[in-house]
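As you go down the protein sequences, you meet chains H and F in turn. Add 31 to a position in the first sequence, counting from 1, and you land on the number used in this note's numbering. Add 3 to a position in the second sequence, counting from 1, and you land on the number used in this note's numbering.
Hint data in this document are derived by calculation from the structure and do not stem from the laboratory. Heads up, some of the hints might be wrong.
As the list claims (entries may be wrong) - Using 27 angstroms as the maximum straight-line C-alpha spacing, the simulated BS3-like pairs for lysine-lysine come out as follows:
id	chain 1	residue 1	chain 2	residue 2
1	F	Lys103	F	Lys122
2	F	Lys122	H	Lys81
3	F	Lys103	H	Lys190
4	H	Lys190	H	Lys81
As the list claims (entries may be wrong) - Looking from chain H toward chain F, a few residues come up when the C-beta cut is under 7 angstroms (computed):
id	residue
5	Ala101
6	Val126
7	Glu128
8	Gly138
9	Leu212
10	Pro216
Where a beta carbon is used, it is the ideal one built from N, C-alpha and C, also for glycine.
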Amino acid sequence: MGEIRLIEAVREGLREEMELDSSVFLIGQDIGVNGGVFRVTEGLQAEFGKDRVIDSPLAESGLVGVAIGAALNGMRPVVEIQFADFIFPAFNQLVSEAARMYYRTNGDYSVPMVIRAPYGGGVRGGLYHSQSVEAFFAHVPGLKVVIPSSPHDAKGLLKAAIRDDNPVLFFEHKLSYNTVLGEVPSGDYSVPIGKAVVRLEGTQLSLISYGLSVHHCLEAAEALSAESISCEVVDLRTVKPLDSAKLLESVRKTGRACIVHEDNLTGGIGAEVAAILAKDGFEYLDAPVQRVAAPDVPSFPYSPILEDAVLPGPTDIIKTARDLAAY
Amino acid sequence: MPAKDGIDRLLDSGLDAADAQGMYRNMLLARSISEKSWLLTRQGRVLFSMPCDGQEAADVASASALDVVGDFIVPYARSLGAMLVKGMTPLEIMLNMFGKAADPNSGGRQMPMHWGHKKLGIISMGSSIGTTLPRASGVALASKLQGQDTVTMVYFGEGAASQGDFHEALAFAGVHRLPVVFLCNNNGWATSVPVNLQTAEPQISKRAAGYGFPGVTVDGSDPLAVHQAVTKAVERARLGEGPTLVETKTIRMMPHSSSDDHLRYRSQEELDAEKHLDPLPRFRDFLISAGIFDDESDQTLRESVNQEVEDAIASADAARSPDPDTALNGVYAP
């Protein structure tokens, strides 16, 4: 089978799960006739009808609240939030309701719901179409947070998320939709939530990342190999729960770690990974754990000159990795 | 009560003598549980309570209009009367009040009167106000998508109607003509904030027009009026004609919760002046005037209700507490 774009992988995942399970339905703004602003759901309303691909009002809290209710009554809703930046009105529904429904009912009610949202910068989307929001939700017990980097994982993890009985936030880097290509298996498959994978084997340092930043790490690793610096690239794939075993295994081998994400630095996923390495990987470390992340500014400014000044990329990774290798 | 009274009015409302007596019993039971729960907090045996005193008629009569087995209720903390109609027993309620392991609402994980009982079709609530409303629309959406002949009724106070989720839930339900009844108990107070500081239009039901479905306001101390209005709303929902917003004008005879002192913001005179609206003596007098009840039966019934609640308290108090080793369990579904 040939390569497909990440956006097609997401669409295929949605279509296949809708075919397999009549309780799966999609709901979100502009996802029906318009196929979503990024066209992820293109053609799905025509194929499955207006009851299974529902154009919702412009009201994120109500939308997520409705999905929670539907999930409590036998359905498996897949919500599209148009941009991750617009998820905050639904924060209360996600944190106060969806995340703790299973715990607070002592296991009686669960919320099998997926929230999909495009995240990330580099598209000149300015402060409100560029954000990474995963750290807010990774903090919350009861939620799972998944961020795929490849078409294979996007489809396989989405299928796993839809089949999961817990609320899962599924963030897709908008820049990866049409720029990241890859092969996907022809038959039904899924990728387990909570499992990281090594994208590139290396010996001297571990670049630990997720989402589009994984590709920046791979690009940096290739450039560094020309300098005889051998990088291992670990793709977390799920940032909640974190696959501690896999990242510790990598750092045990390399002795050096740099966590890379597009989200800003303070309180990000990198901090949690660093804490895990400090506690359980201390004896493996030959150098301080480093982080490459956006600086603590409120998302990415609109002007290309300003955005490029703060958007982390391969150059930042190369510089930090070089220093780390030389430590 | 309106001019038409006695047995004629009862029959007009679609209820028979046994229905009315059953409703009165549940109202007495709700009051008894509420009063005794309050005392338990004063004795330090229970840590929190939210009294329903004054709105028993609104809750019992509205829930009685549902199909008790098949329909869904999305409650809030003051919906005790509706919980009884839906089948929650005084013992189950007291297990919740005491936070015991066998509490069917949460196994001791939530504060008292935070309802949720899957087997009875009671959708779980937390302490956030208003989040329940979109949830009710979602439960009703799922009923519609699955071709279920079920109705969902969500209870909330007029304070919750100030939340954005109120608007988002009603808008969605209106668009999709969902089988849901929005039942607002308007007692005029959101803790200490009076309704005139919540909105310049204190009649909440008027807002339904903005969502394209009917809104009606009824006397929440009159169970027959409530039952008639809600029966109509439930029938409309079940026929696929869409939602209704029913506002019951109720009174709050007690503070917001056991952590509140309402004399900080309400006068005793004002509270006394509302006493004639207490639905319990009103309904008892009505039943007597209709010739289907008398003082002796009232006395017998009160004693039986009192004993049932005392027994529930004794059993719940003696029941097993949650095992501390289980506090980490059930964060995620398997």
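Quick rundown of the hints versus the structure:
Between F:Lys103 and F:Lys122 the alpha-carbon distance is near 18 angstroms, which keeps this suggested pair within the 27 angstroms criterion. Pair hint F:Lys122 plus H:Lys81 does not hold up; C-alpha atoms about 31 angstroms apart against a cutoff of 27 angstroms. Note on F:Lys103 and H:Lys190: the hinted pairing is violated, with a Cα-Cα distance of about 38 angstroms set against a maximum of 27 angstroms. At roughly 22 angstroms between alpha-carbon atoms, H:Lys190 and H:Lys81 fall within 27 angstroms of each other, so this suggested pair holds.
A least Cβ separation of about 4 angstroms between H:Ala101 and chain F falls short of the 7 angstroms threshold, and the interface hint therefore holds. The closest approach between the C-beta of H:Val126 and any C-beta of chain F is roughly 9 angstroms, which is over the 7 angstroms cut-off, so the hint fails. For H:Glu128, the interface hint holds, since its Cβ comes within 7 angstroms of a Cβ in chain F; the closest pair sits about 5 angstroms apart. The closest approach between the C-beta of H:Gly138 and any C-beta of chain F is roughly 5 angstroms, which is under the 7 angstroms cut-off, so the hint is satisfied.
At its closest, the beta carbon of H:Leu212 sits 33 angstroms from a beta carbon of chain F; the interface hint therefore is violated under the 7 angstroms criterion. Interface restraint check for H:Pro216: the shortest CB-CB distance to chain F comes to about 26 angstroms, outside 7 angstroms, so the restraint is violated.
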